[in-house]
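Chemist: Spelled out, the chains give:
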Amino acid sequence: MAGVAVSTTINGDAVEYLCQPDETLLEVLRDRLGLTGAKEGCGTGDCGACSVIVDGRLVCSCLVLGAEAEGRKVETIEGMAHGDQLHPLQQKFIEHAALQCGICTPGFLIAAKDLLAKNPSPTEEEIRFGLAGNLCRCTGYDKIVRAVQDAANVMKGA
Amino acid sequence: MNFDPRFTGRKFSSVGTRPLRPDGIDKVTGRARYGADFNMAGQLVGRILRSPHAHAVIKSIDTSKAEKLAGVKAVITAKDLPDLTDGDAAMYDILDNSMARKKALYDGHAVAAVAAIDARIARQALKLIEVDYEVLPHVTDVDEAAHHHAPLINDQVFTEGLEEKPAKPSNITKRTQFGHGDVHKGFAEADFVIERSFKTEQTHQGYIEPHACVASVNPDGTADLWVCTQGHFVYRQHCAQLLGLEASKLRVTSSEIGGGFGGKTHVWAEPVALALSRKAGRPVKLVMTRDEVFRASGPTSATSIDVRIGAKKDGTITAAEATLRYSCGPYAGSWAEIGAMTAFACYKLENVKTVGFEVLVNRPKTAAYRAPSAPMAAFAVESSIDELAREIGMDAVDFRIKNAAQEGTRASYGPVYGPIGIGPTLEAVKKHPHMKAPLKANQGRGMACGFWFNFGGQTCVDLNIGMDGSVSLAVGTVDVGGSRASLSLVAAEELGIDYSQLKAIVADTSSLGYNDMTDGSRGTFSSSMATISAARNAILILRDRAAQMWDIPVEDVVWEKGHAIAKGEKYGNLSPLSLKDIAAKSGTTGGPIAGHSELVADGAGVSFATHICDIEVDPETGATRVIRYTVVQDAGKAVHPTYVEGQYQGGAAQGIGWALNEEYIYGKDGRLQNAGFLDYRIPVCSDLPMIDTQILEIPNPNHPYGVRGVGETSIVPPLAAIANAVSNAVGVRMTHIPMSPPRILAALDAEREG
Amino acid sequence: MVEVTLWGSLSTVAGGKAKHDIEAKDIRELFRKLAEQYPGIEPWIDRGIAVAIDGTIYRDTWSKELPEDAEIFLLPRLAGG
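Chains as they are written, first to last, in the working numbering: chain W, 1 to 158; chain S, 1 to 754; chain U, 1 to 81.
Honestly, the hints are just simulated from the structure, not real lab data.
Just so we're clear, the structure is a prediction, and the values are computed from it rather than from any experiment.
Some hints could be false.
What the hints assert, rightly or not - The calculated label-pair distances, taken between Cβ atoms and stated as ranges, are:
id, chain 1, residue 1, chain 2, residue 2, range
1, U, Ser63, S, Pro553, 26 to 34 Å
2, U, Lys19, S, Asp669, 24 to 32 Å
3, S, Thr8, U, Lys64, 20 to 28 Å
4, S, Phe12, U, Asp26, 32 to 40 Å
5, U, Asp26, S, Pro701, 43 to 51 Å
Virtual Cβ for every residue (Gly too), placed ideally from N, Cα, C.
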């Protein structure tokens, strides 16, 4: 099978890679580029652990082809902090113990960032429905919702 | 070993605080490495071929076409995993479950595996393997399988635990019995008797991280295994035994674990990955798909339980009896046994009898799931307790308080209780504002109690003090929910230093002595005991070194608040030496300073919880919504209260999913119909309310700080609490879990038709 | 002499009796004497038996002493999640 040459932007950096036509963006990120922050929990778009943002749109990277990233801007968990400065969501997830095992955390953080970009002052219900595409089996979501609420307050004040 | 584990009632400065976890930054930045995040040079991709049949003889397997495919480096079948189990029946079952030897015993059972240069070729190769099956009749339902006409899953199984050895084989592997007193006499004394039958469906732990490992076997018999597991030492023992390796030459490193809840307590695909690597002569990475996780790792039992309870008019229970049938998958287990032990553990009973039956079915091998077997038994018993309270005309909480077990009560599973928390959790619930909050139309409130044993076990800790005075703590229990934070707090407490001076890691199997796995809520209980012991051993050395630095007898040196202090007026001019001062001089006072501990942590305190929940039911559709949820549980001592709350909330959420929605659905063909997160739906964020928690602290007398396990008990009450709430909302007793909309509608229809 | 109570299923391989008086000072001696008297118990001991002493569950550490007047209860060893 002939590879597809792709030029794209990942976390602000120009990146080029060759991938198979049927290879997912998640496979490219994890297996070709070493960006293993996005996780594969299901491979069918049901768990959100592989969430990334493509051209401002939240997607499951297991449902996007690597070839589709051509000419786009991809944001992953690896680009969320600025240097040693954690994003307020990252900081609040740690402070509120919004993670136990942490496997779902990168996906939740990306989804929450997307949510707050579109709705800086979400209600509890809006947070719960906004994050309903991400599965967590450890926390019961309580501390995740509180961390997002707290981060939203901090980000509004900033 | 001079370690004294008894509770002392000391005051704490670190334990009970809520510092940030040491692995937090790695986990929010995507740097933490889980099972599938590790790679080795030259690694191949492993894939497993699985049986599409629920029950079939494997007549032959032809792998020749697959072997010829370019890029395929190894193909294995059961022949490549010869039986080295030497009569160990439990290990043989694990071997057979890793790779079917004669028969495929469930939809998803592994029959062959390949290693290839990439996933695409590996998948292609699987399609080229030809398996000739002779399909046999199957059985997946626990009650049908227990029937004497059912297809036999293993004709070598004769029910154990019967008075007389049975003449015919059966799918029932074992009968177990617990209890005391005379239930016939007890029921004769009862004014009210409730008798009900219940069913619960099979659920999966639903950890978000699929099983994943990288295996590398060298020709000289040394090997490495990187794997997500709840117990890397246990995985080492299992894999070494199954592959014929020497345990010390197999180094197992536990990755960060993306959830386990009991499902990662024994090996599944790891022996296959090692066998592939051995045959191919290259490292092999093997990651299960979600479909494989559902079909071929270990869900919990499906159950069928009969309960009978009798009480006097004044509310005193006179007798309690239960018969419990639990599915084990196709291999023997002791799941009904645990259900039979835990069923009535919350109550003070003169006359009690429980009987458990372990039942083989053509489903995946049952594995532990958080307080395994207890939630189903609690569902049956606590539902019946509510019914009985209603018959007598007593409040459900008061009825439970009247009959609650207390210190000195003989537990239904045998021994007499020490100090326990069931009474205090009930009193706390009675006083809780949640119990008085108004309910709207179609809403119901339920409450229920739960019990779990908690375990201790073999544990080993190394505590090393650096020359700069910082401390590294190497533990052998995998951190599933924040134990590196709690164990750092314990070490800080004991040494009298600040939490920030410590860093805890989970050591690999070559760096530390054997540890049992993180199960039975034992991680913080056991490893904190070993940490305290290791710290005390380090303090002995620190005192000795301080004595050398001062040139005084060590008997005159005490350790207080992180400092060596010379005791007595004659040393008035000696200022205290900090841990850092002593560490800085360690090179000249005898070398590195460390404390070690190897122990069996015994005396894990039993744990009780009581939950309250409000449920709204739509009578038109049968849909349910959890309106409010409260957990009250005894922690003994909450080392890091935030993570204790997290355990309470997480267990409750899993219980809510089990109670209302989650179930394995099998077709008539014996195939699993919903092997994915879309169709096996676990609770999502919008399904749940905030989950309130109240931590009680009734010290465990057998731990220096009073710690009990906290991880599992929180999943025991929800099934019953929610069933009681739904039953109160709709006025019909719900006896089948999950209470999905069709089941609720069917119950309402049946009631209307009378 | 200690009085030992066996759980229901174990008593079926110990002459159908739940309570047994055994001259044993520690867990090792207790297991040895039980196995001598009732050979059917041996496979159960190999699979793992937990010993509850005055309500506290211990595993099968051989050297654990059994106080004279203590309540000794044998239980199956369990699996956890």
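Chemist: All hints are to be evaluated individually against the structure, with a verdict given for each.
Modeler: Hint by hint, here is what the structure shows:
1. Take Ser63 (chain U) and Pro553 (chain S): their Cβ atoms lie about 33 Å apart, and the range 26 to 34 Å holds.
2. Distance hint for Lys19 (chain U) and Asp669 (chain S): a CB-CB separation of about 51 Å, inconsistent with the stated range 24 to 32 Å.
3. The given range of 20 to 28 Å is respected by Thr8 (chain S) and Lys64 (chain U), whose C-beta atoms sit roughly 21 Å from each other.
4. A hinted range of 32 to 40 Å holds for the C-beta pair Phe12 (chain S) and Asp26 (chain U), which are about 35 Å apart.
5. Judged by the Cβ atoms, the range 43 to 51 Å given for Asp26 (chain U) and Pro701 (chain S) is violated: they are separated by roughly 21 Å.
Of the hints listed earlier, those the structure fails to meet are numbers 2, 5, in rising order.
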